[in-house]
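Chemist: Sequence:
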Amino acid sequence: MKTFKQTILLVFVTVLTSFSAQAQDDNFQAFLVHEDQVKPSKTSEYEAISKEFNEDCKKHNFEGTWNVAQTSNGKFLSISAIKNLGDIDNFSMVPLVEKIGKEKFASYFNRYDKCYDKHGSYVVLRNNDLSYMPDGMSTTQEGQDYRKWHYIYVTPENRSDMVKKLKAVKDLFVNKNSKVHYRIYTKGFGQMEDYFLVVVSAKNAEDYAKKSSENRTLLGKESKAVFDAVFNLASRYEEVTGSMRPDLSYSFTAKK
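Under mature numbering (1 follows the signal peptide of the UniProt record, and there is no 0), the residues of the sequence shown are numbered -23 to -1, 1 to 233, in order.
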């Protein structure tokens, strides 16, 4: 049993060390994601609580920032950029609790808990080298709140090869000066499966469809072999739609 515990500890330390190295690499940006899997019947109530909570954050100038995304399968994702795991340890809502009181603060999360049966947090890494964002790297783009999330799952043995295939995709987009821009994320900490998440922004579903159609024409027949190489390595693929929710997001602004 002692040997087993030592082995588990060694694996845990190795994973943390690997994550910390990547998170501090300029090629990667880490994000803490809190995912709430909201019941369909509780969506409106969840949104109302979030807006009320954000108003208290604004009123008391709480020092925190998060962008919220809503997916078509009922998930609300609160996304905050972090430098390393230490940022998670240092994040505290104590200043807000002191201003609004323990009772009111607890009431928010008691109400939230009635809106979902499952929720949790994890860390993802944006791979800037694989992402194609010629106008500048950013999670949000003004006027483009619609999102298409392409989850390309891969087994550990094929992870390195997938990086090469996705680099070939980016090279194709760069050479063709594609107007479809995207970010690529991978798991950082707290998730089981390996994946490459391709996120594309657009004004709405119609705008996304139009851009995609024009992009297929632009990339031409040569793109088939490039994309086939990606999907031949994938263990499975999932496509999710949704949108950013600026009305549920919060950004700290220092008082002048």
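Be careful, since some hints might not be right.
[Claimed, not checked] Just the calculated beta-carbon pair ranges, DEER-fashion:
id : residue 1 : residue 2 : range
1  : D138      : F86       : 37 to 45 angstroms
2  : G51       : N152      : 35 to 43 angstroms
3  : S21       : S190      : 29 to 37 angstroms
4  : M70       : E183      : 25 to 33 angstroms
5  : N67       : D138      : 32 to 40 angstroms
[What the hints assert, rightly or not] Listed next, the in silico DSS-like pairs over lysine-lysine satisfying Cα-Cα at most 27 angstroms (straight line):
id : residue 1 : residue 2
6  : K19       : K91
7  : K19       : K52
8  : K81       : K125
9  : K141      : K91
10 : K95       : K147
11 : K125      : K60
12 : K81       : K144
13 : K19       : K125
14 : K141      : K16
15 : K201      : K188
16 : K60       : K153
17 : K153      : K198
These are calculated hints, taken from the structure and not from any lab test.
These figures come from a predicted structure and were not determined experimentally.
From the three backbone atoms N, C-alpha and C, an ideal C-beta is built for every residue, glycine too.
Chemist: Taking the hints in turn, state whether each one holds.
Modeler: Verification of the supplied hints:
A hinted range of 37 to 45 angstroms for the beta carbons of D138 and F86 is consistent with their spacing of about 43 angstroms. At roughly 39 angstroms, the beta carbons of G51 and N152 sit within the given window of 35 to 43 angstroms. At roughly 35 angstroms, the beta-carbon separation of S21 and S190 lies within the given 29 to 37 angstroms, and the hint holds. Restraint check, M70 to E183: a C-beta distance of roughly 40 angstroms breaks the suggested window 25 to 33 angstroms.
For the pair N67 and D138, the beta carbons lie near 37 angstroms from each other, so the given range of 32 to 40 angstroms is met. The hinted pair formed by K19 and K91 meets the criterion: a straight-line CA distance of about 8 angstroms does not exceed 27 angstroms. Restraint check for K19 and K52: the C-alpha separation of about 12 angstroms stays at or below 27 angstroms, so the hint holds. Simply put, K81 and K125 have alpha-carbon atoms about 36 angstroms apart, too far for the 27 angstroms limit, and the pair is violated.
Annotation: proposed proximity of K141 to K91 is violated, straight-line Cα distance about 44 angstroms (limit 27 angstroms). A distance of roughly 36 angstroms separates the Cα atoms of K95 and K147; the hinted pair therefore is violated under the 27 angstroms criterion. Proximity of K125 to K60 is assessed by CA-CA distance (about 26 angstroms); at most 27 angstroms being required, the pair is judged to hold. With a C-alpha separation of about 49 angstroms, the suggested pairing of K81 with K144 is violated against the 27 angstroms cut-off.
Taken as a hint, the K19 and K125 pair is honoured in the structure, with Cα atoms around 24 angstroms apart against an allowance of 27 angstroms. As the CA atoms of K141 and K16 are separated by approximately 39 angstroms, the hinted pair breaks the 27 angstroms bound. Proximity of K201 to K188 is assessed by CA-CA distance (about 18 angstroms); at most 27 angstroms being required, the pair is judged to hold. A distance of roughly 33 angstroms separates the Cα atoms of K60 and K153; the hinted pair therefore is violated under the 27 angstroms criterion.
Among the hinted pairs, K153 with K198 is consistent with the structure: their alpha-carbon atoms are about 12 angstroms apart, no more than 27 angstroms.
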